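Asker: Sequence:
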Amino acid sequence: MANFETPKGMKDFGGEDAIYRERMLESIKQVYKKWGYEPLSTPAIENVKTLCAKSGDEIAGQLFRIEKSELALRFDQTVGLARYVAGANMAKPYKRYIIANAWRREEPQKGRMREFLQADADIVGSADMRCEAELLAMSCEALQTLGFGEFEILLNNRKILNGIIKSLKIENAENAILRALDKLGKIGIEGVKKEIEACKVKRADIEQLLQVLMPGKKENEKALELAKKYSQEGAGELENILCILKYAYGIENVKVDLSLVRGLGYYTGPIFEISAGGGIGSVAGGGRYDELAGVYGKKEPAVGISLGVERLFALKKGKGEKISPCDVMIITFDDKSYGGAVRAAKRIREAGFSCRTDLMGRKVKNQLEYANACKIPFALIIGEKEMKSGKFALKDLKSGKQKEIGIEEVLENLEEAREIREGL
RNA sequence: GCUAAGGUGGUGUAGCCUGGUAGCACGGGGGGUUGUGGUCCCCUUAGCCUGGGUUCAAAUCCCAGCCUUGGCCCCA
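Under the numbering used here, the first residue of the first sequence carries the number 1, and numbering increases by one thereafter.
Read the hints as simulated data drawn from the structure, not as lab findings.
As the structure is a prediction and not an experimental result, all values here were calculated from the model.
It is possible that part of the hints are untrue.
What follows is a list of derived Cβ distance ranges for each label pair [as the list claims (entries may be wrong)]:
no., residue 1, residue 2, range
1, G188, S399, 54 to 60 Å
2, E26, S399, 26 to 32 Å
3, A198, Q109, 20 to 26 Å
4, K183, S399, 25 to 31 Å
Beta carbons are placed, not taken as given, at the ideal position from N, Cα and C, and that holds for glycine.
Could you put the whole structure together from the sequences, leaning on the hints where they help?
Answerer: Written out as structure tokens, the structure is:
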């Protein structure tokens, strides 16, 4: 165990965890597809030059570099996208999704691994606020599909933040101020004040700044009114998004939060987060990054959103029913009936069900124990007698009841059980 | 990069202070007479994070490293 551990900040996922993860990802993928997004798979490894073009030295220290090369593992999915669209010529808007890993070499901590999954959807080529609205609405649908009913969308715009900071007339401290604001939820108002003071901002200015930004207390209309003083354009974009969400999608639990920052990154316009109910916090986030593709040679407006899948997994864990790796276990009495078992398995698989056969030549008792331990709901018992009669014993492992039926009936039973399971 | 607390079979733990036989539970495999599991009984499997030091003797004491979980920094 100790000699061969997983690398720092990386984990194995097996058993029920793995099944849950795959199912959740599958549902997310289905939603993305339904909204007309197409897959774009880019390499896990990119040239260091490519990776660093996006964020420069900021990210360079977190790269997993590959020895004796100028290559490194990607730290997010957006770099590959930007490189791709800059070098290709496709009909606009281009809508893509990707569910894939990324790696960052930093100290692991709560909710932050060195290897992590990202479920991103992006739209390239359109500067229209319909894109923002669509990504948000689609993400809400994905969250609902996963069983997260309550959520709130938080909206802000980098243009507004930039306007506010410009008004303070501070030199060289813009980033420090944004950084401080970003911590609002973590260190509180007083903490933010202290950090901003350290940037040599006047006390009066800080008070004013925080008054403008203070979240929670304001109606959207008031917040937007304030925001207009700093960026007419930015506030207008937010109004536009609010309007589309409300009247086209019927989504109204949206709040303008002028203190939302989302890192220093590459965002240039609207930024947003979705927080799930019950104090769970942010489960999705994204924004507009119109400059990024330009870094790779062809400027294109773009906006994207990313579901915080690791967090969703953690929240969902243990909430569901017991999960079985397959629908039915085919049990045999002896070597002679194994051929029959395999043929029955073929039939069952062709009908769209999953099944396992005994691969150890075990006694019936042990095969049943195995099925039980794996939480497989049904056992199909086959022996000489059954081979001759063509009737198999289908045993419901939960109730212990079993009936002698032909293969067609077995399939019907499995179908019935599947409907019940999915109906829940 | 900094910092705190930890690290004993696959999992959860006892033992550590006060060095001297690594114990328990769950899990895995098999069995309890011929073709039916979930509760019982028996057998079996498998472990002291790594390296160094102190000592007759180290899971236990000391040092370093690694990893885990948090916190800081930073943040797609």
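Asker: Each of the hints needs a verdict: does it hold here or not?
Answerer: Structure-based check of each hint:
1. Range check, G188 to S399: about 55 Å between beta-carbon atoms, so the 54 to 60 Å window is met.
2. With their beta carbons about 30 Å apart, E26 and S399 fall inside the hinted range of 26 to 32 Å.
3. Between A198 and Q109 the C-beta distance comes to about 24 Å, which sits within the given range of 20 to 26 Å.
4. A hinted range of 25 to 31 Å for the beta carbons of K183 and S399 is inconsistent with their spacing of about 55 Å.
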